[in-house]
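As given, the protein sequences belong to chains C and Z, one line each in that order. 65 is the number of the first residue of the first sequence in our numbering; add one for each residue after it. 21 is the number of the first residue of the second sequence in our numbering; add one for each residue after it.
Rather than coming from a laboratory, the hints here were simulated on the basis of the structure. For glycine and all other residues, C-beta sits at the position ideal for the given N, C-alpha and C. There could be a bad hint or two in this list.
As the list claims (entries may be wrong) - With a Cα cut of at most 35 angstroms, we get these calculated DSBU-like pairs of lysine-lysine:
id	chain 1	residue 1	chain 2	residue 2
1	Z	Lys384	Z	Lys340
2	Z	Lys340	Z	Lys405
3	Z	Lys371	C	Lys270
4	C	Lys287	Z	Lys371
To be verified - Short derived list, chain C residues pointing at chain Z, Cβ under 7 angstroms:
id	residue
5	Pro166
6	Thr253
7	Val255
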Amino acid sequence: MRLLLVEDEHDIQAFLRHSLVEAGYQVDVAANGKAAEQLALEAAYDILVVDLGLPDQDGISLLLRLRQIGVNAPVLILSARRSTDDRVRGLEQGGDDYLTKPFAMAELLARLRNLLKRNAPAGSEATRLRVLDLELDLLRREATRSGQILQLTPQEFVLLEYLCRNAGRVVTRSMILDKVWGMRIQPDTNVVDVHIYRLRGKVDGKGQQPLIRTLRGVGYVLKDR
Amino acid sequence: MSSRTAKPAMHSAAWRISLWATLAFACGTMLVFVFLHRFVAQDIQRRSDAWLAGEVEVLGDVAERTPKNALYDRVVGEVAELAGKEVPNRLLSQNSSNDSVFFLQTGADGSLSLWVGVGNGTQYLQAIQKTKILPDSPTDVHVDGYRVPFRVASTRIDDGSLIYLGLSERDELRVLRSLRLRFIVLWLVLVLLGFAIVFYTARRMLSHVREITEAASRIGHSELSARVPTTARNDEVGHLAHTLNHMLDRIESSMHQLHTITDTLAHDLRSPLTAIRGKLEASLSATPHGEQADPIVSAIEELDRLTEFLNTSLDVAEGKADALRLSRSQIDLDELLRVMIDLYEPSMSEKGLRIALRSSGSLKINADAALIHRMVANLFDNQIKHLPASCSVTLQLQAQQDSALLVLEDDGPGFSPEVSPHLFEWRVKGPESTGHGLGLAFVDAVVRAHGGTVSASNRPSGGARIVLTLPLSSSSNSKDAPEIGTARTRPGGV
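Here chain C stands alone, though its shape is the one from the complex (with noise of 0.2 angstroms):
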């Protein structure tokens, strides 16, 4: 996956072109809205990451300029602006997602993935998930593990249905209350992680191999080896 990179502030730009190249990303970086169109013409990415806060050009502007010339690739845009207009202007002017600094690396990897998940062929939807002995029937809401059956409230089959989309991978709070309570908040509180406790002691029994791993000061994730 070829992945552009416009930002500018270089200490953000070290660390993100780390993590995304150990992601599995090759990725080629920008520092400014000229270079980036330049490098946009010579090679097609699959995806671009976009800061909005550029010296030469605001990031809105050269979004429409690399529609202009041509650049459908999936666009994920970065801003430490906090306004929601903010937000809904970048969506609106040819942005596809959109993050807020500070943000997660779990975070940003996840809105990747589905940028180019969203890009592919769409395939038939699946109506089972399966992860190692855990298996989530979709249509019924129904999970079992090891064919047992685990008694699970609606909301917590969601969260689960949640994890088990990104087994392997890791999810923070701020995803999973975007994702599953669809909102956008920073509870001051562990809401979240007692949430995750409950769901815990469900699937996770006496004497099996725990799946839900907490990963401290990240989030959490599923196994799935």
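Fit chain Z to the known structure of chain C by using the hints.
Below, chain Z without anything else, positioned relative to chain C:
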């Protein structure tokens, strides 16, 4: 706002102004007409009296000079008949007989001696005898069988007989009636036309004022870049619009400055925070286990808390200046609360707290979903942090007039007396509080930005009570408002 503009025209100021103006105009013209009518009536009366006096004198003269022979009746009769044809204001009646004039002569004994007119004249004589008629001053006489009185003049001739000449007032009254009729029709047309003109002008004038009011209130609610409509005319309304726009210019520029400051501050703080967080994550992934990870993990957590504090304090700062930017969409407060309670209930019950919602059902508000989410999260976080175990929290949601009323009550220790008067101020917190002290200030900022109110008090039976109101969205309002973003109150698909 739209409910105010939709009211019927009859409740508008333009209606009242035109009603009063028209009433004054109608009364004035009516008064003028009454005087005019009286003048015309008197003038006609005077003319016909003059004619009667002249004619009766001539007839008296003729009667005196004509010898009292067989021809007397014929001569006097013909003269009288001729006189009858010169009647002023006369309208030729349908039948040939002239019933608007009569001539009557009585003998010295009062009996009828000569009669020229319709019929045999006895009823006229009776009527005349009933009425006192002074010579030389014409008098009204009511004759049986006639609705309209006769104006009768009399003169006495030397042989002692009396001569009466009567003229029906029919023609005179007809002239006056037609004058009145024409006036009434013209008057009505004028009054209605005047009303229409005044109403139209006043409405146009006031519609400018209404447009200004509507625009101003819209500006107050949403965007400051809009201006109230101005007119080219240099009148009071134009001045009002210009003054308002000048004021808005100043407000917008200071608002813009505030936004620039908060945005720059946010940007300048966030970029280094992003870099620090990235580096921390990178070093955490290098040492995922063991003792070294602990400080990194807590540093990341502190950093996230700092970021949230930064966001919240900037929001509170903007909220205090009534400059909080909203992306409104239609959200169901009842559903939103249920989802949030679903999210928070496990944490609360883990702390031994109970939470219950009493709601009268779906309540739609036009609000910034993200801010409302954060506000409710803030309230719930506060409860978890401050309430001792085994307390219960009750939420009541109901519609009250045009607002959604949300009452949050608990049976905990309540607000301590030293912070109670300053609950919604910046960085006020109780002595044992571990939070950053922005909680209720943020709630206040969000509620105010949405045009609602918030108050906090201690319940008489113990415990805290926070009362919020948020304006309900009417269907018409939600169409006008810019729809930005989508409400996401339902647990999303994954």
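Structure-based check of each hint:
1. Annotation: proposed proximity of lysine 384/Z to lysine 340/Z holds, straight-line Cα distance about 26 angstroms (limit 35 angstroms).
2. Taking the CA atoms of lysine 340/Z and lysine 405/Z, the gap is near 25 angstroms; set against the 35 angstroms cutoff, the hint holds.
3. This hinted pair checks out: lysine 371/Z and lysine 270/C have alpha carbons roughly 25 angstroms apart, not beyond 35 angstroms.
4. For the given pair, lysine 287/C sits about 29 angstroms from lysine 371/Z by alpha-carbon distance, which is consistent with the 35 angstroms threshold.
5. For proline 166/C, the shortest C-beta to C-beta distance to chain Z is roughly 4 angstroms, which falls under 7 angstroms, so the interface hint holds.
6. A hinted interface residue such as threonine 253/C counts as satisfied when its beta carbon comes closer than 7 angstroms to some beta carbon of chain Z; here the least separation is about 5 angstroms, so the hint holds.
7. Satisfaction of the interface hint for valine 255/C is found here, the shortest Cβ-Cβ separation to chain Z being roughly 5 angstroms, below the 7 angstroms cut-off.
In this structure, every one of the numbered hints holds.
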